[in-house]
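Assemble the whole structure, with the sequences as input and the hints as a guide.
Chains A and B supply the protein sequences, listed in that same order. Using this note's numbering, you'd call the opening residue of the first sequence number 1 and step up by one each time. Using this note's numbering, you'd call the opening residue of the second sequence number 1 and step up by one each time.
Keep in mind that the hints are not guaranteed to be accurate.
[As the list claims (entries may be wrong)] Just so you have them, the derived chain A footprint on chain B, three or more residues with Cβ under 8 Å: (1) 52-58; (2) 80-86; (3) 89-97.
[Stated by the list, open to error] Each computed EDC-like pair below joins lysine to aspartate or glutamate, with the alpha-carbon atoms no more than 16 Å apart: (4) Lys42(B) x Glu39(A); (5) Lys41(B) x Glu39(A); (6) Lys68(A) x Asp31(A); (7) Lys71(A) x Glu39(A).
Just so you know, these hints were derived from the structure itself, not from any lab. Even glycine gets a Cβ: it sits at the ideal position worked out from N, Cα and C.
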Amino acid sequence: GESVGLHLPTLSVQEGDNSIINCAYSNSASDYFIWYKQESGKGPQFIIDIRSNMDKRQGQRVTVLLNKTVKHLSLQIAATQPGDSAVYFCAERRRGSQGNLIFGKGTKLSVKP
Amino acid sequence: GAVVSQHPSRVICKSGTSVKIECRSLDFQATTMFWYRQFPKKSLMLMATSNEGSKATYEQGVEKDKFLINHASLTLSTLTVTSAHPEDSSFYICSARTGTDYGYTFGSGTRLTVV
Numbered sequence: 001g002e003s004v005g006l007h008l009p010t011l012s013v014q015e016g017d018n019s020i021i022n023c024a025y026s027n028s029a030s031d032y033f034i035w036y037k038q039e040s041g042k043g044p045q046f047i048i049d050i051r052s053n054m055d056k057r058q059g060q061r062v063t064v065l066l067n068k069t070v071k072h073l074s075l076q077i078a079a080t081q082p083g084d085s086a087v088y089f090c091a092e093r094r095r096g097s098q099g100n101l102i103f104g105k106g107t108k109l110s111v112k113p
Numbered sequence: 001g002a003v004v005s006q007h008p009s010r011v012i013c014k015s016g017t018s019v020k021i022e023c024r025s026l027d028f029q030a031t032t033m034f035w036y037r038q039f040p041k042k043s044l045m046l047m048a049t050s051n052e053g054s055k056a057t058y059e060q061g062v063e064k065d066k067f068l069i070n071h072a073s074l075t076l077s078t079l080t081v082t083s084a085h086p087e088d089s090s091f092y093i094c095s096a097r098t099g100t101d102y103g104y105t106f107g108s109g110t111r112l113t114v115v
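What follows is the structure, encoded as C-alpha cells:
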C-alpha cells in the first residue's frame, strides 16, 4: 500500500507485482518530464522521459503516462524486482527557463521478496 | 554515454571554513550546469544554474555570497560553500546538459558534513 505523511511517501509491493508511482507537477508550461531513480547516497539515475506532445512512452519494463489535463505523471514498473527498491522522483522542465529541472517530492519504493 | 564526475564524494570540514566541490563533464562540453541540494529523505532542490563564461543564476532564497559558483570552462563548474556552518551539511549534486535538447546527466553527489 501507499502511505503519505511527514516522511517520504512509501509504496510497498511484492516482488513480481507491478508498481505504479504517481507524481503531480505544478506548471502547465512544462514541456519535458523525466523519471529518476535514486539509491541511497548516489545521484539520480535516468529511467525514462516523455515530451509534452506525447501521453505515453514505454521502455524495457517501464511505462510513463502523462496527463496534461490534470498535470499528472505516472511511472509503471512491470514485474517489480528487489533491485527496483529506491526513491523515485519525477522532474519537469519549464518552457522558457534555462532548461533547469524541478524535482517532485519523491516516492520510496520498497519491494518485498 | 555522457558522464559527469563530481568530486569529492564525501567531505567533512570545520565550521567557518570553505569547501569547494567540483563538477566535470568528462566526454562532452557542458555550457550549462545545475547545482542541487538534498536533505535526508527530501527531494532535490535547485540552487543555481551555471552558464560557462557568465554569472550563475541563483534560485530564490539561495545566498550567492555563501554558495559561490564558477563555470570558467566548458567542462568544469565549481561550487564553493563559504564559511560553512552545520546547517550547510547536506548532499550536493550537480547536473549538466549534454548539448542535446533533452539530455541531462547527473554527478554522483557530494556529502558535506560541517562539524
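Okay, the hints, checked on the actual structure:
1. 52-58: violated (count 1)
2. 80-86: Check failed, 0 qualifying residues.
3. 89-97: holds (count 4)
4. Lys42(B) x Glu39(A): 13 Å, holds
5. Lys41(B) x Glu39(A): 11 Å, holds
6. Lys68(A) x Asp31(A): This hinted pair holds, its Cα atoms lying about 10 Å apart.
7. Lys71(A) x Glu39(A): 26 Å, violated
The structure shown violates the earlier hints numbered 1, 2 and 7.
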